[in-house]
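Asker: Here is what each chain is made of, one letter per residue.
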Amino acid sequence: MSTFTSPADTIDPLTSHENHSVRSRGRRRGGRRIGSSVFLVILAIYFVVPIWWLFVAATKDTAGLFSSPAFWFDGDFALFQNIAELFTHQGGIYWRWLGNSFIYAFAGGIGATILAILAGYGFAKYRFRGRSAIFTIILGSVMVPLTALVIPTFILLSQYGIINTPWAVILPSLLSPFGVYLMRVYTQDAVPDEMLEAARIDGAGEIRTFFQVALPLLRPAIVTVLLLSVVGTWNNFFLPLAVLTNEQLLPVTVGLNRWTALSNAGAGGEQVWNLITTGAFISVLPLLLSFLFLQRYWQGGLALGSLK
Amino acid sequence: MTATATIVAPAGRAPRERRSRLDVRRQRWGWLFVSPFLIVFALFLIFPLFYAFGMSLFTTGLATGTQFTGIGNYVKAFTDPLFLEGMLRVLAFAVVMIPAQLIVALIAALVLDSLVSWLSKASRLLIFAPYAIPVVIGALMWSFLYSPRFGPAGTLFELFGLPAPDFLASGTVFYSLVNIVTWQWSGYYMIVIYAALRSIDPAIYEAARIDGANGLQTALRIKIPMISSSMVMVITFALIGTLQFFTEPVVLRNIAQGAIDAAYTPNMYAYSLAFSYSQFNYASTIAFSLGILVFAGSFVFLFLTRKQSGLK
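Protein sequences appear in the order of chains A and B. For the first sequence, our numbering begins at 18 and goes up steadily by one. For the second sequence, our numbering begins at 836 and goes up steadily by one.
Hints were generated in silico from the structure; no laboratory data involved. A hint or two may mislead.
Quick partial rundown of chain A residues pointing at chain B, CB under 8 Å, derived from the structure [what the hints assert, rightly or not]:
{"#": "1", "residue": "49"}
{"#": "2", "residue": "64"}
{"#": "3", "residue": "218"}
{"#": "4", "residue": "221"}
None of the values given here were measured: they were computed from a predicted structure. We put the CB at the ideal spot given by N, CA and C, even for glycine.
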């Protein structure tokens, strides 16, 4: 039968919200354990191999991409040469794209998070007329596919003349109904009404109560919503594809897709396969590394939406 | 953790005390806190929706100019084989892709939950890694791997003396897309399910063990039912995402024009109508119809699973 094992990691961030102090789990030693481990290794290989490929491919020049084995290095290590070429090709437009992606993701993500914190707090801690009705509409809107809004948004923005400006990407990215839902649910649990009352009795105004009492308690949810909305904007493809035509304004996702389309269609001179792989590799690093170093935050946070 | 807002009636409305003058003043603060979001919500969700609906009621012709045509565009859309085929295709994607992602995510999460070792920690991270990669880049990577020119398939199959399969033919590209999406999203769903598993009180497993349940029985009879609300959430998100399928087929179309046409999914159809043919009225009709169908679909799904999800 199963044996009892270690009270599993008590500081596991996943449970920090829940705070199960001691967990113990039964498990059968031996065969099943090995079977599980082998299964995990196979699964991990499937998920990692394409990323490994991208790294290897970024170190090859175009000739090497065609001739050498896909999953191993070529004779010469061309990564730095490729990076240098990214600085010269089309006047280094790649770095401009990467910078645009950063600006859009942070402006959109931070903005969406601020709006979600405020609205979540408002819905959770104030009773005002129409609150339930409005919140129900917001909750229902989570089910509206945002891509269905891209074309009407494009038409609207072009009427106001903000098509082909950074605002055309940033402003629609401020919308995060799911973020509001998460913040509301979290605020309701994490910020006790009594604490707010106490602050008010002590003479703190509503704004001060919000900043000094509520906000610090909301940190885990804030990190989650920020992460989800930054990743969401960083990922966005349909919206910038529709609202931006000026090459200087593209985010890196749309830009690299454009290079790929050109390389597939074009003649020798337009084929920049080595720049596509190197560019793609560099563009995934910031997010991959942040996820690696911010594990403590996202592992607990991403699940917030599912907790009841 | 009980304060889940419900679709129909958010909790916590019970009047706790009589409304005082203070409450009235506080009402105003509530409005102040929610209004910045409501402005964005109105401008970029409500207004575009109504605008799309409005646009869909008109038709612009070269000779006729813009004319009110009522539901004419909808009649056209729901008899348009390109739109209907696209809808059927994304439904087929939903039927194949969502179970694929869910099974991978669920099994991975169950294994991770039963195994505490450095290996399980490392694989949790590695399986999740694709989530950190933008969808476009993920699709680009796979399109390289599928490509007969760069891809490893030729070499791999040569080892066994077999011809390499064509991942980008019209019959196979469907599954190539399923693979990309499964690769990209399973890890995220796994993390959500895993967290839900970790929040189950371990005393329940203890009870099950004493009653003689083995690992598989515990997983099937206790763990899965207890995390059904997160499963419903994951499926809902996967459903909404799949029906608006756009990025991956657009990227793969770069190298598989023969297998993926411009109207492969309803979103791609709407995009090409708007930006290749400038048929903005009809494109709005397609976008609005897709929106309604997705909304209705996820609503029906949430309604059918209301018992499992705890939504009332």
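Asker: Of the hints stated earlier, which fail here?
Answerer: 3 and 4
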